[in-house]
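*Asks:* These protein sequences, in sequence, are chains A and B. In terms of our numbering, the first sequence opens at residue -10 and continues consecutively. In terms of our numbering, the second sequence opens at residue -12 and continues consecutively.
Fair warning: there could be bad hints in the mix.
[Claimed, not checked] Not everything, but these chain A residues come out facing chain B in the computed CB check (under 10 Å): (1) Ala3; (2) Arg14; (3) Asp45; (4) Phe64; (5) Ser72; (6) Leu154.
[Unchecked claim] Rough simulated footprint, nothing fancy, chain B against chain A, three-plus residues with beta-carbon under 8 Å: (7) 7 to 13; (8) 47 to 54; (9) 81 to 88.
No lab work stands behind these hints: they were computed from the structure. A virtual CB, placed ideally from N, CA and C, is assigned to each residue, including glycine.
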Amino acid sequence: MRPADAAVQPFDGAEAARLVAAIAREGDRQAFARLFAFYAPRLRTFLIRQGFSASDCDDLIQDTMLAVWRKAERFDAEAGAVSTWIFTICRNLGIDRRRRLARRLVEAEPVSDIDPSPSAEGEIITREEETRVRRALDHLPAEQAEVITLSFFSQSPQTEIARALGIPLGTVKSRVRLAMNRLRHLLDEPS
Amino acid sequence: MTVNRHPSSELLARYAAGSLSPAAALVVESHLALCDACSAAHRETLALAGALLERLSPSELDAGLFERTLARLDEKRPAAAKPTPARRRPRDLGIRLPAPIAERATSGWRWMGPGMAFARLDVPEDPKTNLVLLKIGAGKRMPTHGHSGEELTLVLQGAFEDEHGRCGAGDLAEEDDDTHHTPIVTGEETCICLASIEGRLRPHGLIGRLVSPLIGL
């Protein structure tokens, strides 16, 4: 089984939810391969931008996808999107990893002696929130969407936004604020 | 509780992405525990991050990564780790702390000056940022300052006032190197704040400057 075979097939939110359901129902490895093919390379982009080393990226991608396999039956398609669920798992594992690394640098401590990761994974995102966010994002000018993506996913967002847009560092903050306000405005618009 | 000052969208985005320092994340989490509007905004921000994840350009993976992951699917699931009790018992500081920090070990209140005290919260996973509670008597004025690192301040009790207005219980103030700040504690009540102070060497922030000589920053 190769994940590459799955990459060429069409992929959307409803399809992703069906794949998660197939894993939950019958441990469908083909479904897992397709999810892996779509999400793993994008998780890697996120993790690299967060400043994780190549080996940390590999570990975190594996652990995230294993969690998808193990927790598939807990995924509620009526609530948030698969992407949000997978992102949240990866985010929490990343936070946990950073804490462990920091602690190990300070005091040689057994890894088990660590606070559990934040509970965000269990937070319920409503379908309505999910739909509003996607609609707003579709209406956002491309440059502002780029600013928001960079400010989200970069370890040093200011520098990267300045580079990406060719603007001075001093004006990045106002550009981010502008993009965020625009998005906020779109989110608050009645449907 | 009427909350007037909320975390900015940028701060919520960094929190959602997991890029805040652990101490700063605890201050944001404590605010979310007190503010329903921001809890909803945080969920929305996670949904936004999920949607953005789909749009990221894919990176090339290590050739064996999929096979290695596949080989682990049948692994026995790890037993849930038992929570370890704090090595120092949380002390009663005479104030109800928000859930995200309630179980943290603290130094207990230490005298810092007339009408001022601080308590340090134990965040061993974050050696670069300090998490402190500050207790400042009514009418006390803080010195004007600018600063280098980021400082997040959540008011837990009482209120202070600065050039942006009043900052009362539940409010979160963000300061960075652009901010200049001359806060004064208002009202009759003693003001208690939770603050994350970035940087070990030269904290210029309001709280950092007050506390640094005492906790050896």
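*Asks:* Please flag the earlier hints that this structure goes against, numbers listed from lowest up.
*Replies:* 1, 2, 3, 4, 6 and 7
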